[in-house]
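Turn these sequences into a full structure, and let the hints steer you where they fit.
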Amino acid sequence: GAVVSQHPSWVICKSGTSVKIECRSLDFQATTMFWYRQFPKQSLMLMATSNEGSKATYEQGVEKDKFLINHASLTLSTLTVTSAHPEDSSFYICSARGAGHTEAFFGQGTRLTVV
Amino acid sequence: GENVEQHPSTLSVQEGDSAVIKCTYSDSASNYFPWYKQELGKRPQLIIDIRSNVGEKKDQRIAVTLNKTAKHFSLHITETQPEDSAVYFCAAGIDSWGKLQFGSGTQVVVTP
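These protein sequence lines map, in sequence, to chains A and B. Each residue of the first sequence is one higher than the one before, counting from 1 in our numbering. Each residue of the second sequence is one higher than the one before, counting from 116 in our numbering.
A couple of the hints might just be wrong.
Stated by the list, open to error - Covered by chain A, according to a simulated footprint, are these stretches of chain B (three or more residues, beta-carbon under 8 angstroms):
#1 159-166
#2 214-225
Unchecked claim - To give an idea of the interface, some chain A residues facing chain B are shown, with a C-beta separation under 10 angstroms as derived from the structure:
#3 31
#4 46
#5 95
#6 101
#7 104
Said to hold, decoys possible - Straight line, CA to CA, 25 angstroms or less: simulated SDA-like cross-link-like pairs of lysine to any residue:
#8 B:173 - B:193
#9 B:172 - B:118
#10 B:186 - A:103
#11 B:214 - A:103
#12 B:186 - A:42
#13 B:173 - A:103
#14 A:41 - B:125
#15 A:66 - B:214
#16 B:152 - A:59
#17 B:186 - B:142
#18 A:41 - B:164
#19 B:137 - B:199
#20 A:64 - A:88
#21 B:157 - A:5
#22 B:172 - A:98
Simulated from the structure, these hints should not be mistaken for laboratory data. Ideal placement from N, C-alpha and C gives every residue a C-beta, glycine not left out.
Okay, structure coming up:
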């Protein structure tokens, strides 16, 4: 299968600071990337969908000014959690899909802890 | 939008027995139904998927069935092994869009 790499795998930051998470498709061009959030022992909640070169589409209830998504190239999307607070602590995971493919491949996830 | 419900939330089975997980979906436009296995702290891995033009699909010990009329689909694992222990998620979406809504997950524990 295709490889999607997410970085960092874990990060601890202070309340009020911003954190950037990268999602890269290593061996295919990802026309669409998806960002999910997963709380412990819970399901994956879709936050937003991003297509290369265009603005992300956010799911209802997700603050677009707080969770900034950029998909500037066919191999890289970034999620920036701005002014992070302890309630933003979670497991963030991306998936990427190439043109003409149905299956989306997941990154390994980023565990964010805001202290 | 799509809403996916998954049952049971936990499932304990003896090694060698079968495990069945059931999901329902709400959006009749959904035509793609993947199942993912997620081990603790790791990424979800696609184990099998089915499209709405097929009623059943099998891959070795894993099978998925789909009832479009009733809007439900199920995962069947036969001859379970300890390494099958994980959280399993169903999902539903429209394959041309790629966006998936996930079920709440089922923690499967296979005891030797």
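Verification of the supplied hints:
no., hint, verdict
1, 159-166, "holds (count 4)"
2, 214-225, "holds (count 8)"
3, 31, "9 angstroms, holds"
4, 46, "7 angstroms, holds"
5, 95, "8 angstroms, holds"
6, 101, "8 angstroms, holds"
7, 104, "6 angstroms, holds"
8, B:173 - B:193, "11 angstroms, holds"
9, B:172 - B:118, "23 angstroms, holds"
10, B:186 - A:103, "21 angstroms, holds"
11, B:214 - A:103, "10 angstroms, holds"
12, B:186 - A:42, "23 angstroms, holds"
13, B:173 - A:103, "17 angstroms, holds"
14, A:41 - B:125, "11 angstroms, holds"
15, A:66 - B:214, "21 angstroms, holds"
16, B:152 - A:59, "24 angstroms, holds"
17, B:186 - B:142, "8 angstroms, holds"
18, A:41 - B:164, "23 angstroms, holds"
19, B:137 - B:199, "17 angstroms, holds"
20, A:64 - A:88, "14 angstroms, holds"
21, B:157 - A:5, "12 angstroms, holds"
22, B:172 - A:98, "24 angstroms, holds"
Hint violations for this structure: none, all hints satisfied.
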